[in-house]
Amino acid sequence: MLTANRLRDGDVLYRKGDGWVPMLADGETYADQAQADAALAAATAELVRNEFVAPYLFEVREVNGKIRPVKEREIIRAAGPTVHPHTGKQAGQI
Amino acid sequence: MLNTLVKPAQPNMYRYDEFDAQFVGERVNQFAGQVARRLSGELTEDQFKPLRLMNGLYLQLHAYMLRIAVPYGTLSSKQMRKLAHIARTYDKNFGHFTTRTNLQFNWIKLVDVPKILRELADVEMHCIQTSGNCVRNVTADQFAGATDEEIEDPRPLAEIIRQWSSLHPEFVFLARKFKIAVGATEKDRAALLYHDMAVQIVKNAQGRVGYKVFAGGGMGRTPYIAHVMSEFVEREDILAYLEAVLRVYNQDSRRDNIHKQRIKILINAIGPEEMRRRVQREFEELKRMGTLQLPKDELDRITAYFAPPRFEAGLSDTLPEAGADFANWAQTNVYKHKAPGYAIATITLKTPGQVPGDATSEQMDAIADLMDQFSLGEVRVTHEQNLVLPHVRKTDLPAIYAKLKELDFASPNAGLITDIIACPGLDYCDLANARSIPIAQKIAKRFENLDRQHEIGELKIKISGCINACGHHHAGHIGILGVDKKGVEFYQLVLGGSGAEDASIGTIMGPGFGEHEIADAVERVVNVYLAERKDGERFLDTYRRIGMEKFKVAAYKEAVAA
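Top line first, the protein sequences correspond to chains A and B. The opening residue of the first sequence carries number 11 in my numbering; numbering runs sequentially from there. The opening residue of the second sequence carries number 71 in my numbering; numbering runs sequentially from there.
Do not rely on the hints blindly, as some may be mistaken.
Heads up, simulated DSS-like pairs for lysine-lysine below, C-alpha to C-alpha not over 30 Å straight-line [what the hints assert, rightly or not]:
no.: 1; chain 1: A; residue 1: Lys-26; chain 2: B; residue 2: Lys-179
no.: 2; chain 1: B; residue 1: Lys-512; chain 2: B; residue 2: Lys-475
no.: 3; chain 1: B; residue 1: Lys-475; chain 2: B; residue 2: Lys-464
no.: 4; chain 1: B; residue 1: Lys-515; chain 2: A; residue 2: Lys-99
no.: 5; chain 1: B; residue 1: Lys-555; chain 2: A; residue 2: Lys-81
no.: 6; chain 1: B; residue 1: Lys-257; chain 2: B; residue 2: Lys-273
no.: 7; chain 1: B; residue 1: Lys-512; chain 2: B; residue 2: Lys-162
no.: 8; chain 1: A; residue 1: Lys-99; chain 2: B; residue 2: Lys-555
no.: 9; chain 1: B; residue 1: Lys-119; chain 2: A; residue 2: Lys-99
no.: 10; chain 1: A; residue 1: Lys-26; chain 2: B; residue 2: Lys-556
In case anyone wonders, no lab produced these hints; they're calculated from the structure.
Given only the sequences and the hints, what does the whole structure look like? Please build it.
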């Protein structure tokens, strides 16, 4: 998947098509490295719009029918701090 | 709010003069302009990043993080209320006190930063040089001006260093960050020997007050204990001497390898003797030019801001009787004050299960009330992520304790095993490899029983979520370093460190423990100490006497090593 942070407020974003969505579950997964690289190249070219910063790719896998990041860092980024469940994207969902 | 509100006291601390106010105001306007230019696209992210870092603004995992300077850890009640207001208005209703005695907000929007900086400037606060490759917030002994152990209050010198190093034209683009601390007692509460440069106020054989200067300490990937640069620097020469150290560092440090850019690497590459020789050469040149002498009247002017408060005479010097819980708290969290009838009270932000160093807006407001009512409007932030009420009447201690209980900040654990330092770790930090806070919470809950904590005695656990060591794991009696192994968190144990006057660097025990194993491993290590200790020995003393082996055998006994 491809992620970035929104420039204005730093919020975590996930790439979907030519745009961005705030929730990992709504983001797009890429079938192979070539597709992922193409998405990153497109996003990098859009940096001049000054809407988001620091785009990068990260690995995901399917767990019980849901997409889940491989690394703990991205799991936490997608949900919010594990020690403050009332904050981040997990707020109101737990 | 407390029932009996009093007029906020004017604490004895530095207050901005016209120059300071103008300087900070101009910097706010300058950064507001830079934010606007970034949002409009006039500045790219690469151009903006060093500018935002110089103003304490990071982009972390979930949002921007703003780090606010708390010079030498001193806050007024007015400033504390402003921090509560900012947390409530611009963040998620809490802030985090750090090991640099600063305060961080974790959910800041870039578009709000100019407004926040203006609000901070209203109470004589800012975020300048809380990040970036420059001289960072100067820290000091949290008991400054209150303890009878000190030769003199270290805060005037800390303030002078702050002013000298703020936007110093020669030192705003150093090879790496540079941290300075000041102490004035034999007992080191400010981790002096782990600083890039440290000043200890001392007396020479003739009884004259001057400064012992250290350099080259540090944590991170390559920890070092600082070397003595000079046993005694005269008062009027101190800025010239510090400038000489920084100049040698700035000129001679490596800039080609991010892991070798701190002054500790330079000093240990060329040797402390050669470093002293180079510093002496620069110092003599600065002395010859005579442009950086510290005039006595300027020292006196700054010192006057920190004049001791008028302590009441005739107060009872006896600790009040207020029950067993209060007595337990007083035993660990109350320290001897220099004035009869007064005490120093530590508020540990470490009730087992809490996030070390966190405080909500409501808690900050309530502490501001306590400051006004009981501690002459002042609080200190400690590098151990606690707060200190520096000047409280002993007769008021039961009332303070009662209020702290309401706030859930009355844990009687200062210096005990549950008084854990923990960096924000992977819950927030972009650099972290593993979470720190949940490990601190787990260990604190494991050792929650107060009798057990007192039985164990002084034991400092310090946890970092990566090798950068913001959680001071190298200096922990038991240090814990979080590492990443193929996306999974593991934790290495580090034993035998100390950040005090008996400073030492901890030794890594071996392979890391899993997230669910580390609290058990710590408990087994503590059990070895309890079995092996001799009368009066702290954990650290026993470790230094018997070495690593028995601890290691016990720690790995039932663990599945990674």
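| query | Which of the listed hints are broken here? | reply | Hints that this structure does not satisfy do not exist here, as all of them hold.
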